[in-house]
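**Student:** Single-letter residue listing:
2 protein chains.
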Amino acid sequence: MSALFRFDVLARAGRARRGRLQLPHGDVETPAFMPVGTRAAVKGVTSEMLVDLGAEIVLANTYHLHLRPGDDLIARLGGLHTFMGWSRPMLTDSGGYQVFSLASRRTLSEDGVVFQSHLDGRSYKLTPESAVDIQSRLGADITMTLDECPSWPATERDVDAAVSRTLRWARRARTRFDALRSGGVTDVARPTPGQVQFGIVQGGTYPHLREASAAGTVGIGFDGYAIGGLSVGEPIDAMLETAAKTAALLPADQPRYLMGVGTPSDLIQAVARGIDLFDCVLPTRNARNGQLFTRHGPLNIRNARYAEDPRPIDAECGCPTCRHYSRAYLRHLAMAGEIGSSTLNTVHNLFFYLDTMGSIRKAIEFGTVEDLERTFLEAYSRRQPTSDD
Amino acid sequence: MSALFRFDVLARAGRARRGRLQLPHGDVETPAFMPVGTRAAVKGVTSEMLVDLGAEIVLANTYHLHLRPGDDLIARLGGLHTFMGWSRPMLTDSGGYQVFSLASRRTLSEDGVVFQSHLDGRSYKLTPESAVDIQSRLGADITMTLDECPSWPATERDVDAAVSRTLRWARRARTRFDALRSGGVTDVARPTPGQVQFGIVQGGTYPHLREASAAGTVGIGFDGYAIGGLSVGEPIDAMLETAAKTAALLPADQPRYLMGVGTPSDLIQAVARGIDLFDCVLPTRNARNGQLFTRHGPLNIRNARYAEDPRPIDAECGCPTCRHYSRAYLRHLAMAGEIGSSTLNTVHNLFFYLDTMGSIRKAIEFGTVEDLERTFLEAYSRRQPTSDD
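Chains as they are written, first to last, in this note's numbering: chain W, 573 to 961; chain F, 573 to 961.
Think of the hints as simulated: they come from the structure by calculation, not from any bench.
From the three backbone atoms N, C-alpha and C, an ideal C-beta is built for every residue, glycine too.
Just so you know, not all the hints are guaranteed correct.
As the list claims (entries may be wrong) - One-sided excerpt, in silico: chain F residues whose CB lies under 7 Å from chain W:
| id | residue |
| --- | --- |
| 1 | Y901 |
| 2 | A908 |
| 3 | S914 |
For reference, chain W alone in the conformation it holds in the complex (with noise of 0.2 Å):
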């Protein structure tokens, strides 16, 4: 572990953790959700509006980076954090998951993937080292292993074998990492000083093969745990219920990243089950879409009940959205197309679920996280289409 990372539990509220990371570009306050920038940006916000939003890290897709415009463009450049003018810290996948969900003509061996780009079907090859070559090279604070990640409902024999081939992934990853750490590797730039590399625990909702992945994982020993694989199809009581026996095998001293989660009912949920990090696109993409998130439950402004409405979002909402502007301007800038409807619902979004994680962070120091989930999900289901919302 580098002297640049540090994972401190600050206190704990029954398994749910507040946590501090710290990495080489700056401290994480955990439990934390980090904003999608897919392609180098958040959707619909500026680096800058990110700042003034309180989000300290975001996640960007190796995947997408890679195929365009292209990691050795980026590295040239100074890396990921200089090319997208964002100083805090970042996470970058392995782009494994997006191999799986978007590639094309994807041909699967034990040395790793070959797909084609959904850009232009050039020909492209991922294996467990050029993952870690390649986020060497966009330099992001936290990296991940290249996983297999079984599409659901999958059987037990292939989660299985998918289980068995991501372990062994990962200590081929975890090989490549040192590597390059100790300056074994000379064709690739050394990564990011303090760059830290996490392992991915697989093993769909079956609780020994999560077991396995978890012990397997946990021996070849990473900087931080995610647990992958869940969020893609299973019930949300599996999700839950998969997310809190495998958090509870992982090493209490060491963070835990659930991927691709969730609703803000799941985030409270989830930490209260022992999960320390967090990413989704649902604040992003369904902001494109007029999705908003209230304490009250999510509402969609495109509707008509909207169209005179002087109130804000969300009254209690202190961003500059709720702040500025009324439900009938933002349900004006979404029935017009305009851009500006998904920089104005993309700012709420994300200010609700970065507020969201500030007032569970808070709850944990207090020791008060049971009455806020609680009292969080009673008020979120609140919300009837027919209400007078």
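Using the hints, position chain F against chain W.
**Tutor:** Only chain F this time, still in chain W's reference frame:
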């Protein structure tokens, strides 16, 4: 003229004027450029970003807002300023230009113009009186009279007829405006206190028709005067010559607004010919297409030569985009179709326009506007498609 309205010429340099326009929602230093917020939003930026960019006045389009969401709705929500979260001065056009350029199945008569919405085919009627009423409900600081704008090229006979009709409509518009202000109309809300009305001079590029139109319009008496019917396809020299001759026919102590103009070099040349106010979609529309304005001429950020260019758009520019992002990153965003491309490019282009107007104002104060015009035009034409930019 309202007590809340005042125009002072603070300095002159040749025919150029350095003025201050006092309006109900604040002061506008002239010569000024008005960003265009067609549908109550300047595409790509929020109202707060416009304030940060130093925009002192914004234009919105009566035609678009009348169709959607409707001026009645905007009035019930407190008017355009409240609706769009913009507390500084605004100008609304009369809707005429869009009726002539966008609407389908247009029937023009002495009474007004019947047209079908380009959105849903619904039929609408716009008259000199209803254009006043709609703008009264929208509540901008400056309103415009309905004019007939002939397309280019047009015969002298057609332009002559348009000038005559525009004058008759201007008289009706002024009568209606006065009736609203005096409380003599009960079915329309009284206008925003201090709301003023500008008349529009037509006449194409025919000097004697411009003279007749100016004399007639000034004879009716408005709070300011616009030069319409230019920048519709005529050569730039004809535009500048007509603007210069028409400006000379207008009262020396009242503001002069050249509608729909123009490029940065158009602006400086028109100021030198006595113009005080401008609006144009160029900085915002071209930003979305990747054309960025610089003091060395425009560049298109999509060009492959910028793929690895670490420099800002313009090294001398102080805008947030140039302070934080490279040409390489902006090209990446443009090629990837990211929303952020529109936002960051629009911020730069608007900053460039507003900053250029600031330099022009300073040059008038220092009496060096002719030097600025020469050096600006020289530098602006310097960029060659093959040069190292």
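**Student:** Can you verify the interface hint for S914 of chain F: is its Cβ closer than 7 Å to any Cβ in chain W?
**Tutor:** It holds, given that the least Cβ distance between S914 of chain F and chain W is near 5 Å, below 7 Å.
**Student:** At a threshold of 7 Å, is the proposed contact between A908 of chain F and chain W supported by beta-carbon distances?
**Tutor:** 5 Å, holds
**Student:** Would the stated hint for Y901 of chain F survive a check requiring a Cβ distance to chain W of less than 7 Å?
**Tutor:** Cβ of Y901 of chain F sits 5 Å from chain W, so the hint holds.
Every hint, counting from the list given before, is met by this structure.
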